[in-house]
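Chain A is fixed; fit chain B onto it per the hints.
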Amino acid sequence: MPNLLSFKNIYKTFNTGTIDEMPLFIDFNLDIKEGEFVSIVGSNGSGKTTLLNLVSGSAPLDSGEIYLKEENITKSKEHMRARKIGRVYQDPSLGTAPNLTIVENLALAENKGHGYGLSLALNKKKIEKYREILKSLNLGLEDKMNTKVKKLSGGQRQALALLMATMTPIDLLLLDEHTAALDPKTSEAIMALTNRIIKEKKITTLMVTHNLRYAVEYGDRLLMFNQGKIVIDKSGQDKEKTKIEDLLKTFNEISIECGN
Amino acid sequence: MFPDVLFNIIQQGLCYAIVALGVYISYKVLNFPDLTVDSSFPLGGVVCIGLIQVGCPFIIAIIAAFIAGAAAGFITGFLHVKFKITPLLSGIITMTALLSINLAVSNGKVLIPYGDKTTLFNNSFTKLFGNDLSMMALANIIILVVIVVLIKIVMDLFFKTKRGFMLRAVGDNEQMSIAMGCNSGFYKIFGLCLANGLVALAGAIYSQHMNYYDNTSGTGMVVIALASVIIGTAIFKNVKIIKGTTAAIIGALIYTAVLNLIIALGVPTFYLKLVMAAAFLVILILNTYVFSKEKKRKKGDVNHA
Chain A
1 MPNLLSFKNI YKTFNTGTID EMPLFIDFNL DIKEGEFVSI VGSNGSGKTT
51 LLNLVSGSAP LDSGEIYLKE ENITKSKEHM RARKIGRVYQ DPSLGTAPNL
101 TIVENLALAE NKGHGYGLSL ALNKKKIEKY REILKSLNLG LEDKMNTKVK
151 KLSGGQRQAL ALLMATMTPI DLLLLDEHTA ALDPKTSEAI MALTNRIIKE
201 KKITTLMVTH NLRYAVEYGD RLLMFNQGKI VIDKSGQDKE KTKIEDLLKT
251 FNEISIECGN
Chain B
1 MFPDVLFNII QQGLCYAIVA LGVYISYKVL NFPDLTVDSS FPLGGVVCIG
51 LIQVGCPFII AIIAAFIAGA AAGFITGFLH VKFKITPLLS GIITMTALLS
101 INLAVSNGKV LIPYGDKTTL FNNSFTKLFG NDLSMMALAN IIILVVIVVL
151 IKIVMDLFFK TKRGFMLRAV GDNEQMSIAM GCNSGFYKIF GLCLANGLVA
201 LAGAIYSQHM NYYDNTSGTG MVVIALASVI IGTAIFKNVK IIKGTTAAII
251 GALIYTAVLN LIIALGVPTF YLKLVMAAAF LVILILNTYV FSKEKKRKKG
301 DVNHA
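For the record, the sequence lines run as chains A and B. Note that the numbering used here has the first sequence beginning at 1, numbered continuously upward. Note that the numbering used here has the second sequence beginning at 1, numbered continuously upward.
Extracted from the complex, chain A is given alone in its bound form:
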């Protein structure tokens, strides 16, 4: 199967030219296959989120190339990449427009990639369609369709953000610790919903998480990052056999090395 996403010889240094200069990625290479659901774990500063930022275009890289569906996207603008890449952030307020209602947010999401012209954004047919989609979430959002999103709870907003990120056909979904700001129960629900959407739509996914259990339970491939390097890369049966204890062991070994 062809690689959906490839990182080729990536270099990324923070604070270049200062005493705090910190090289993160040095000749970093990674290939993600089409349809793979990859969980990424690692301590703070290991490069997980930076990797997502490099893919989405919200952070520039020093050198190297990134290919999405064999197209070099290294130089394309963030909003252009966003048409084919969905992203859900840790902060539930980032993925939705707070002063727009649920339906208004969904209307924007549905139109992603088609341009925003002067035709009416909403009609009865669309609203009915959104109602059905919201019903399938089982969060009662279908009764709050004209509520401003800022009045929703964090979990509801995150569910909506997830729905919006995956509403149009996308090549890649980036999940940036998207359950970390939620309470344990809501976090479980959002994670189950995430898994359902990814499986239903067969979306290639990179999920950064601090929750080792999620990393083990969900996804077909598991990566552990440390200081810009991949220290664990397991997929298939190899991954299924992996236990949280194994991850913790490696994690602790790394931490001792780093003197934490």
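Hints in this document: simulated from the structure, not taken from any laboratory. Using N, Cα and C, we set each Cβ at its ideal position, and we do this for glycine too. Check each hint, because a few of them may be wrong.
[Said to hold, decoys possible] In silico BS3-like links for lysine-lysine, alpha-carbon gap of 30 Å or less:
#1 Lys162(B) / Lys148(A)
#2 Lys240(B) / Lys84(A)
#3 Lys160(B) / Lys126(A)
#4 Lys151(A) / Lys127(B)
#5 Lys126(A) / Lys152(B)
#6 Lys151(A) / Lys135(A)
#7 Lys124(A) / Lys237(B)
#8 Lys8(A) / Lys234(A)
#9 Lys240(B) / Lys129(A)
#10 Lys129(A) / Lys84(B)
#11 Lys201(A) / Lys69(A)
#12 Lys237(B) / Lys148(A)
#13 Lys249(A) / Lys229(A)
#14 Lys243(B) / Lys84(A)
#15 Lys162(B) / Lys135(A)
#16 Lys241(A) / Lys199(A)
#17 Lys239(A) / Lys144(A)
#18 Lys243(B) / Lys125(A)
#19 Lys84(A) / Lys84(B)
#20 Lys77(A) / Lys160(B)
#21 Lys135(A) / Lys202(A)
#22 Lys152(B) / Lys162(B)
#23 Lys126(A) / Lys162(B)
#24 Lys125(A) / Lys160(B)
#25 Lys144(A) / Lys243(B)
#26 Lys162(B) / Lys77(A)
#27 Lys162(B) / Lys151(A)
#28 Lys124(A) / Lys75(A)
#29 Lys125(A) / Lys240(B)
[Stated by the list, open to error] With beta-carbon atoms standing in for the labels, derived distance ranges:
#30 Glu132(A) / Lys243(B): 22 to 30 Å
#31 Ile142(B) / Gly140(A): 46 to 54 Å
#32 Lys229(A) / Ile85(B): 35 to 43 Å
#33 Ser119(A) / Ile59(B): 25 to 33 Å
Same frame as chain A, but now just chain B:
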């Protein structure tokens, strides 16, 4: 005496309402405090009178004023988006530069009368109302109401389109708008063009209404417009059927009435700007401590997690 004062307030208020509608786009929708307004208002006036004086029909002159204002908004937006200059500074730069441009267009003149040229308020329609002052005021009010309502309807329709939704999203959560594949910088510039276009259009209409162009007419216009928008949105915060555009118009009428009332109480007119600033301050304080009281009480039920 009394109806004349009232008619005056309505006419002035409707002129300011158009400015408020423009500032509603920049301040309320785009969340961009735009100071260009103080200069794009007289820019509209000077472009309008310049064209009318060389024989241009007033409708073309008004459209040209809109375009000139849009160009001013474009510059402010471009400075902000391309060079990452803050909204306030981008506005100040354009506003200051336009002071010279306005003088250059008017050949250095500070006051220019329209005389008996055909204008929006001096044409075959207004002549139907005769020479009676009250009747003339009525004609002016009809014209202004039609224009304000027309602009409001077009704006309301626009905000229902996909582009209108996206403009609101850019002001509300820029990161989200980028995630929706939209070039947020383009939308900011576009919104500022519309906003300053409307402000200049208001300036063109205002100058025709006064029957002269005044180079200093823009001073304090930002305050008038912001006060109008803030009063309107504060009053109708919890009234869902009142749209933001309607709120801005009503806010402009209220603010104009308040200013005129204070002056009518005997305050010398050179204190007008002081009165404007003081009234704006009172409005801001009321907005924080009185109008939003309910919101604060409600905070407990709203889950901000």
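Hints, verified against the model:
1. Lys162(B) / Lys148(A): Holds, at roughly 18 Å.
2. Lys240(B) / Lys84(A): This hinted pair is violated, its Cα atoms lying about 36 Å apart.
3. Lys160(B) / Lys126(A): holds (14 Å)
4. Lys151(A) / Lys127(B): violated (54 Å)
5. Lys126(A) / Lys152(B): Distance ~26 Å between Lys126(A) and Lys152(B) Cα, so the pair holds.
6. Lys151(A) / Lys135(A): holds (19 Å)
7. Lys124(A) / Lys237(B): Measuring from Cα to Cα gives roughly 27 Å; hence the hint holds.
8. Lys8(A) / Lys234(A): Roughly 20 Å between the alpha carbons, so the hint for Lys8(A) and Lys234(A) holds.
9. Lys240(B) / Lys129(A): holds (24 Å)
10. Lys129(A) / Lys84(B): Since the Cα atoms of Lys129(A) and Lys84(B) sit roughly 40 Å apart, the hinted pair is violated (cutoff 30 Å).
11. Lys201(A) / Lys69(A): holds (17 Å)
12. Lys237(B) / Lys148(A): Satisfied, since the Cα-Cα distance of roughly 13 Å is no more than 30 Å.
13. Lys249(A) / Lys229(A): Within the cut-off at roughly 17 Å; holds.
14. Lys243(B) / Lys84(A): violated (35 Å)
15. Lys162(B) / Lys135(A): holds (24 Å)
16. Lys241(A) / Lys199(A): holds (21 Å)
17. Lys239(A) / Lys144(A): Judged against 30 Å, a Cα distance of about 41 Å means the pair is violated.
18. Lys243(B) / Lys125(A): Holds: Lys243(B) and Lys125(A) sit about 24 Å apart, inside 30 Å.
19. Lys84(A) / Lys84(B): holds (27 Å)
20. Lys77(A) / Lys160(B): Holds. Lys77(A) to Lys160(B) sits at ~28 Å (cutoff 30 Å).
21. Lys135(A) / Lys202(A): holds (21 Å)
22. Lys152(B) / Lys162(B): Holds, at about 18 Å.
23. Lys126(A) / Lys162(B): holds (13 Å)
24. Lys125(A) / Lys160(B): With a Cα-Cα distance of about 16 Å, the restraint between Lys125(A) and Lys160(B) holds, given a limit of 30 Å.
25. Lys144(A) / Lys243(B): Distance of about 20 Å is within 30 Å: holds.
26. Lys162(B) / Lys77(A): holds (22 Å)
27. Lys162(B) / Lys151(A): Given pair Lys162(B), Lys151(A) holds - Cα atoms ~23 Å apart, limit 30 Å.
28. Lys124(A) / Lys75(A): Violated - the C-alpha atoms of Lys75(A) and Lys124(A) are around 40 Å apart, more than 30 Å.
29. Lys125(A) / Lys240(B): Satisfied, since the Cα-Cα distance of roughly 23 Å is no more than 30 Å.
30. Glu132(A) / Lys243(B): 22 to 30 Å: This hint holds: roughly 29 Å between Cβ atoms.
31. Ile142(B) / Gly140(A): 46 to 54 Å: holds (50 Å)
32. Lys229(A) / Ile85(B): 35 to 43 Å: Holds, since Lys229(A) and Ile85(B) (Cβ atoms, about 40 Å apart) stay within the stated range.
33. Ser119(A) / Ile59(B): 25 to 33 Å: Hint holds: Cβ distance 28 Å, inside 25 to 33 Å.
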